[in-house]
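Participant: Here's the letter readout for the chains.
2 protein chains.
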Amino acid sequence: MIIKSKNIYLPTRVVDGFLEIEDGKIKSIFNDFDGDYIDYGEASIIPGFIDLHVHGYGTGSFTHEGDVDSLKRMAESVLTQGVTSFLPTTGADSIERIIEWSNTVDEFLKENYDKGSEVLGIHYEGPFINKEKKGMQKEEHCLDPSIEVFNKMLGNLDISKVKLMTIAPELDGAEEMCKFCMKNNIQLSIGHSVADFQTIKKMKDYGINGVTHMYSGMTGFHHRELGVAGSALYFDDLYCEFAKQTGLTVLPEALDIAIRIKGLDRITLCSDSVGLAHVKEPFYHYIRQTEFIPDGDYITLKHDDGTVKKIDRFSMEDMDDIEIGYLTSVKNLAKNNNMSLRDIIKIGSENTAKYINVFDRKGSIEVNKDADLVVMSKDLDVLAAYVNGELRYENRNL
Amino acid sequence: MIIKSKNIYLPTRVVDGFLEIEDGKIKSIFNDFDGDYIDYGEASIIPGFIDLHVHGYGTGSFTHEGDVDSLKRMAESVLTQGVTSFLPTTGADSIERIIEWSNTVDEFLKENYDKGSEVLGIHYEGPFINKEKKGMQKEEHCLDPSIEVFNKMLGNLDISKVKLMTIAPELDGAEEMCKFCMKNNIQLSIGHSVADFQTIKKMKDYGINGVTHMYSGMTGFHHRELGVAGSALYFDDLYCEFAKQTGLTVLPEALDIAIRIKGLDRITLCSDSVGLAHVKEPFYHYIRQTEFIPDGDYITLKHDDGTVKKIDRFSMEDMDDIEIGYLTSVKNLAKNNNMSLRDIIKIGSENTAKYINVFDRKGSIEVNKDADLVVMSKDLDVLAAYVNGELRYENRNL
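Protein chains in written order, with the working numbering: chain A, 255 to 652; chain B, 255 to 652.
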């Protein structure tokens, strides 16, 4: 298959050309071609985004539902956002629940589901996090790190499928846990943590390479104790994951400070969305000033202004009313931080791939890499998305 | 007079050459000379430091004593630190007291005192500051800005001698005050303030160009409200004044973060020392773990470890036990932040001169500028200091 665009985003330049896809890979990129091809005209072809931190989105929630079916729906939903691969992400919960999540990922991967975004493995966000910074996590399930518990958590999942763990490095047992993860090629991010500068400095030697949802769920920057946020700014080599950019929770200026001090090479973008359409209990969202009430196949939104709306949990229609997706973050970055598409590719596709060590096959448009491609309009809407060379999403409204 | 060194720090390069001084100015800089000269050999000749924020030091304290004699002693003491000009700095106090301070500066300037460091004018640190961030300032004397009060404060001092004012821009009346200062060429720094991002953004248009003792006496950086510290980091054009670098109050890493995000062009160094030898009441210093007890011409230091020391208030001997001077900050910057002498000149001499608009005559070694020169050893000790072309200090121990 050959696709064409005037703007193909290669790692170092944008070309007007043809892209040949074969056996799921990018086979070649060339300037002239005579045969049949799909012409995307002025639209850009970019490497698909990789969401390393997503609990649920749109029609499915891995965290709230947890079965294979929910993960399939979620995979299809995130693809509409330009996310061609992702890590379903857990939370701090009972070991039984975490085992279920692990087994779901295992089952999903064995099935070779050919719709939606690719699952690259799992991100364990907890349970080895600090209850002092639990945020939305369940306090009773925040545990000190333990390899024994970790091995239980895996269930049927092969450890090679664990790509990322969020951990509080100040907890007892963290050092041993980190060494174990390093040995098993599991990337480690600090999150839900009150670690001090000296602890972080030390734990960097044991595989701590970044922070989860920068600024949130961590001690802030202070000039007499840098805390997690200050240490993340200070250490050149730590990656800072920025969760969805609404313009509210983390101000564009706070992101800008991180970009200016660290450079774009150490910034990643994730959604940290949870699939709010699938909450099991009524839930009040203070930023949206809305109560989410589960209602069979529907979710009812009770806004503080008195309006009420009922939305089909299994349809993407009106889903934007529930939770912003990866693409809205992307648009906000362009608008609020003057980021170019090139910048966004760097933090959404390239750096994320590097962070979990899949840049040999993902994260950029290069010959022999997986054909995970997003066709994007000038307005940053997704027109089409290819996963491993298969056209798995087309936006028929545009 | 001709002086020679292998390392004369000109703005853009270091030269091995001769420096001719005439009528207090740098007359010329040349490579070859046949007549008599003073040879400083390998020592560096640098533009003297300018301390924009100093209440007292060594044998004199403007703030604690307040008379012309104390200012003379202070001027001589700061010169030993390589500070060839400075702004005696007030605090929040009764209007009567502030008038005394203003009159002292006026009297000192009229006298053309020819020893020690040059007084460039006054820095009013308050009284228009916020009691919520009073720090060591007197709460009852923190006032809302008022031009009427300001005009009273001046006493006999001409307004052209007011070079800098520290102000909390969130206070009622700040806007009018700032406009008034702008009109009168008084530089404005935010300090002892809880101003939010939007207030700072707005007040920048009214002459706010920097912050006083960065990180201290201000709201810290938070990702949902940048506060004074976050705004100071964010706005490229705001100068950040760093007070004495002990390595304790503001961590070297916190300074480093500011340098990396803002660049050296917007960092200034001050001592913010107070002349602790001259306190009028017993005073406990929690970092030094020492009580300072006034005792006639002496000051008694009672250390927490039980040791007691009596020091002559009017002798520089043992003065390092009381308070670190500008030069110790300089040495700490070299040691803790790997700053070069070039970097230190930038923040200590050049940027400070630019900040209070005296760079046309101070802050760098250039022909026709004032011959304010410091001869510095490789170990960053001051060997000699010239003020307006006069050799006013020589270190006879080195």
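Just so you know, these hints were derived from the structure itself, not from any lab.
Please note that the accuracy of each hint is not assured.
No distinction is drawn between identical chains; accordingly, a pair holds when it is met within one copy or between any pair of copies.
Below, simulated DSS-like cross-link-like pairs (lysine-lysine); rule was C-alpha separation at most 25 Å, straight line [to be verified]:
id	residue 1	residue 2
1	Lys456	Lys589
2	Lys563	Lys433
3	Lys458	Lys589
4	Lys456	Lys369
5	Lys564	Lys369
6	Lys455	Lys589
7	Lys364	Lys326
Participant: Each hint: holds or not?
Facilitator: Now the hints, each set against the structure:
no., hint, verdict
1, Lys456 with Lys589, "between (38 Å within a copy, 21 Å between copies)"
2, Lys563 with Lys433, "neither (49 Å within a copy, 51 Å between copies)"
3, Lys458 with Lys589, "between (34 Å within a copy, 24 Å between copies)"
4, Lys456 with Lys369, "neither (43 Å within a copy, 51 Å between copies)"
5, Lys564 with Lys369, "neither (27 Å within a copy, 82 Å between copies)"
6, Lys455 with Lys589, "between (35 Å within a copy, 19 Å between copies)"
7, Lys364 with Lys326, "within (13 Å within a copy, 84 Å between copies)"
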